[in-house]
Amino acid sequence: MATTALRRSGTGQRRLGTFLDQNFKYWALLPTLLFMAVLTLYPVGQLLRLSLSDAQFIKGKLVWSYVGLDHFTTLSHDPVVPDALRNTLVFVAASVIIEGVLGLLLAVLVSRVRRFAWFYRSVFMIPLLIPPIAISAMWRLMYDYNYGIINQILIELGATRPPLWTADPDLALASVVIVDVWHWTSFLFLIMLAGVESLPHELGEAARVDGASEIQVYRRIFLPLLRPTIIVALMLRTILAFKVFDQIFLLTGGGPGTSSEVISLYVYKVFFVQGRMGYGALLALITALIMSVFVVAYQWLNSYVNKTR
Amino acid sequence: MIKLNPKTLLLHLVLIIFALIILGPMVYTFLTSLKLFRDIISGSWTFEPTWRNYEQLFMSDRSNFTDLTRNSLIVGLLSLLVVQAIAALGAYSMSRFRWRRLVGSLVMGWLLFINMLPPIIFVGPFFIIARTLGFYDTPLAITMAHAIMNLPLAFWMLHSFFADIPVELEEAAAIDGCSRLQTFLRIALPIAKPGIAATSVLVFVFSWKEFLFALTLSSTPKAMTIPVGIAAFAQEWNIRYGEMAAAAFFATIPALLLVFIAQKHIVKGMTLGALKG
Amino acid sequence: MSLNNRRMSRRNFLKGAAASGVLLASTPGVSFAEKVSSIHFLRRRAQIETITILINDSPWFPGFEALVKQYVETTGNDVKLNVTPFAGMLEKSRNAVQGSESEFDILNLNEQWYMQFYAGGLVTPIHDINPDFELDPNVIEYDAATRWDESLRYSSPDGALYGLPINGNIQLFFYRQDLFDEKGLAAPTTWDEVESIAQTFHNPPGMHGFSLRTIGGNWEFQAYLHSYGTSAVSLDLASGEWMVGLADPGAVEALKTWLRLGREYGPANINAMGQAENLALMASGRLAQVHMVGAAAPNYDNPDTSVVVGKMGAGVVPGGPGGRATLSGIWVMGIPHNLSDVRKASALAFLEWALTKDAQLYYAQSGAIPVRQDVYEALSEDPKLGWWMKAMGESTPFIKAQPRLAETPQIVEVIDRRTTQALIDELTPEEAMAEAAKEIHQILVSGGYTVKPLA
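Those protein sequences? They're chains G, F and D, same order as listed. Just so we're aligned: 52 in my numbering is position 52 of the first sequence, and the numbers increase by one with no gaps anywhere. To convert a position in the second sequence, counted from 1, into my numbering, add 1000. To convert a position in the third sequence, counted from 1, into my numbering, add 2000.
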């Protein structure tokens, strides 16, 4: 009796084991799916609900009150949102274009040196690994109108009225773009370098033998070959650039006035500084919608480029 | 002797200028961190170097920077563990087993999608979740946020590493009677070790760098990380320029080390999103 | 005289209790009356418990810490400090008053928060703890920062006493005494005088006549508003209606003065001057006059951070046609509602002691900002602190508070944004104030207040 029972339960265990093993692929993926669902779908649901409500923490619990479309009315009167949107677009366009050009240039240059290539590659990579807030702190010290090294050098060079950098409403956004270029050119450099190094250099050799100048080789032969890499890299960087927050938070705080206010910083201010969670959620949701369009376009483009590549 | 080709020389000259532009701010920050506040604002080129700012940062009983360093390490390592455990299983399943095309592209696409959305979208809801569940202002809250933020990257990287492992070894193990889990643990994981190491480096670095979640999910040194501390130096009514410079320089040290230790891995991780699709 | 003389310290009490215990046990001949009195004594003494104070780390914390040490030493009562950075204070204070029993016996509450704690009854009215409590008239109340009027739902001088001030931070007008002496100038009392003095000294980039705070500058700007007879928002005590003062013509005049002083005599980067930048400019010897937070004073005396040690003077913030005003940025201490009576009494005992003249003198000498008029006066000739303590005392009649509303963060954001937009010429002063008034009006309406319509 006892032995039979034992054997039976043993079989049961084995069956369960076999079952688990056969379905390994499902349960191995399950944690990923669960994690993603809980930490992404639930927040999006929260945002939807919040954007139609006012919410407040009372005794550690969130107390909701439905306000309908009130936040949409607030949005239509909010003078900061249009400025923030415009600044975000200007920031993204300017930094991506400059970083793209510099990244490609550096990639081509580094691909042409033999000695010390590892050194340049290492140095150009460093900014990507430094906390952006530390980068902002460095540049804040350098930009300082009265004590910063940039203006000290300009004055030594004979400037009588050095630029105000972050204090000038016309330069504030540009100052942030400069920091972004310092920080992120590396990223495009790395991608472009991978592309440049995989170019068929014998093709270039052949063209040179045929009397093509160096510039012609790059323009006529390599550039078309690099085009897919460049497009994908720029598109990816465009999407990442919308995340900008840290630099602006520390360098200008969005000012002077709203001259360097961007959407992510404004969402933060509304939600956390002013404590308007409902309205902040609406702004976050709109950001998500806009970005979704970009991301889907990128994914489509990327798979298209990959197919043709 | 090295032949001095003028063209090569020019090339190096240009590259050195760019290298100086990269290194300059770091050197300047380091020098500033050796100055007293008085010397920083006097704007003179010469000064007497002092370790005062670093002492203030790490030794002073008024400073909590050592707590912040501890938190940064805890958050980095913990989120690394969570992410690797989840991503390794998932990525292995995705790369080794036959999935329907739609499922595959949905999962991968979803991951990429999340990775690309600005984190500001998730900050509010995460804050609410952490508050409601009562772990707001703990390293755990920031760990969870960093885990979700880094999962896509880890998944993608590990996926590509697993895909590079030849299937034959695992097939042999299966014939020897290993279960799929055993095959994963004993064969695939050890082979993928370099890949896992590379992923770990990046996940840790990204957690170390992260500011927005750390800012919004912490309010005291119990949970604050280094970037939040650096920002705090500038938020007070008396900017502590010297300590800010010291803290900023301290925060770049891991980056400087990793560039030389794990350069290849970093390149792979950084460019993966653009090169694979 | 002072309370600590009347109350026996805990250590002495323990000695006494032990002694009386010995006495009770060993001498049967002791009278009943004596026994009763010693028991009574025992009960009364037991009413002082160890208290825990929630306090933020700040430039004045070392002074507070010294004060607490002094209390423990002179009274024998134990005090624990829970030191928290500013960012965590509101959170911790809120959590403390929400539980069944507060973790802390005293909360340190910021200018922007205390009303929330008064309004909800989250801190105990002082007279509920001790009906005989009398606030020494020398203790400054900072435009009724200590009080809450239930019928008005706002603070008023007639309200009940809820909090006691602990950090007397207000705005001061700082100037270079050495340069003023050279030219035989006295501290300015009006913005016009500020301007003419600024003209004398302005010689950039080595020296600037005056500077403004333009990053988060609403706090200082509100002093300009008051000096032109208006304010951001105000409550009409008679009608209970809120009024947006930025719509007044005085507000435009205030903004024009602010702009003129900043543009003509400020540093080139006037658009991005925060408190820290102004402090640094003054400390590096490149600024003649500035209107800023009084707590900055000790920084000018520190040779590690300043090249103007011993060269500084301070006065009351100058004024305009509407008089002079200095805005308060103080901290008050409140006693949570969810405490036992003994704990409440123990907490009040500390606060009463801390507000005595002797304690406040010691507090000021230890680097904090006292809250008593007689202490400012006593210290006005002090060789080290006198230069700014005198100005603190003279400022008392001019203290004004910023709006104490849940919507204040939104309101001041509007002021900051609109004033800087005028500064960078995006808007004319008239437009800036009109737009700000509209926005603030909208904020108050959405907040459910009765608001006087804009003209």
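Since the hints were made in silico from the structure, they are not lab data. Take these hints with a grain of salt, some might be off.
Stated by the list, open to error - SDA-like mimics (lysine to any residue), calculated; alpha carbons at most 20 Å apart, straight line: (1) D:Lys2400 with D:Ser2100; (2) F:Lys1007 with G:Leu226; (3) F:Lys1222 with D:Leu2090; (4) F:Lys1268 with G:Leu226; (5) D:Lys2092 with F:Arg1131; (6) G:Lys61 with D:Asn2338; (7) D:Lys2357 with D:His2337; (8) G:Lys25 with F:Glu1170; (9) G:Lys25 with F:Gly1109; (10) D:Lys2092 with G:Gly45; (11) F:Lys1268 with G:Leu199; (12) D:Lys2092 with D:Gly2386; (13) G:Lys243 with F:Pro1119; (14) F:Lys1264 with G:Pro31; (15) D:Lys2400 with D:Gly2229.
Right, here's what the structure says about each hint:
With a C-alpha separation of about 36 Å, the suggested pairing of Lys2400 of chain D with Ser2100 of chain D is violated against the 20 Å cut-off. Between Lys1007 of chain F and Leu226 of chain G the CA atoms are separated by roughly 24 Å; this puts the pair beyond 20 Å, and the hint is violated. With a CA separation close to 15 Å, the supplied pair Lys1222 of chain F and Leu2090 of chain D stays within the 20 Å bound. With a C-alpha separation of about 19 Å, the suggested pair Lys1268 of chain F and Leu226 of chain G falls inside the 20 Å cut-off, and the hint holds.
For a cut-off of 20 Å, the pair hint linking Lys2092 of chain D to Arg1131 of chain F stands: about 13 Å separates their Cα positions. Taken as a hint, the Lys61 of chain G and Asn2338 of chain D pair is honoured in the structure, with Cα atoms around 19 Å apart against an allowance of 20 Å. A threshold of 20 Å between alpha carbons decides the hint, and for Lys2357 of chain D with His2337 of chain D the separation of about 28 Å lies outside it, so the pair is violated. Pair hint Lys25 of chain G plus Glu1170 of chain F holds up; C-alpha atoms about 15 Å apart against a cutoff of 20 Å.
With a C-alpha separation of about 19 Å, the suggested pair Lys25 of chain G and Gly1109 of chain F falls inside the 20 Å cut-off, and the hint holds. Pair hint Lys2092 of chain D plus Gly45 of chain G does not hold up; C-alpha atoms about 29 Å apart against a cutoff of 20 Å. Distance restraint check for Lys1268 of chain F and Leu199 of chain G: the Cα-Cα separation of roughly 18 Å lies within the 20 Å cut-off, and the hinted pair is therefore satisfied. At most 20 Å may separate the alpha-carbon atoms for a hinted pair to count; Lys2092 of chain D and Gly2386 of chain D exceed this at roughly 36 Å.
Among the hinted pairs, Lys243 of chain G with Pro1119 of chain F is consistent with the structure: their alpha-carbon atoms are about 7 Å apart, no more than 20 Å. For the proposed pair Lys1264 of chain F and Pro31 of chain G, the alpha carbon gap of about 29 Å is over 20 Å, so the pair is violated. Our distance criterion of 20 Å between C-alpha atoms is met by Lys2400 of chain D and Gly2229 of chain D, whose separation comes to about 12 Å.
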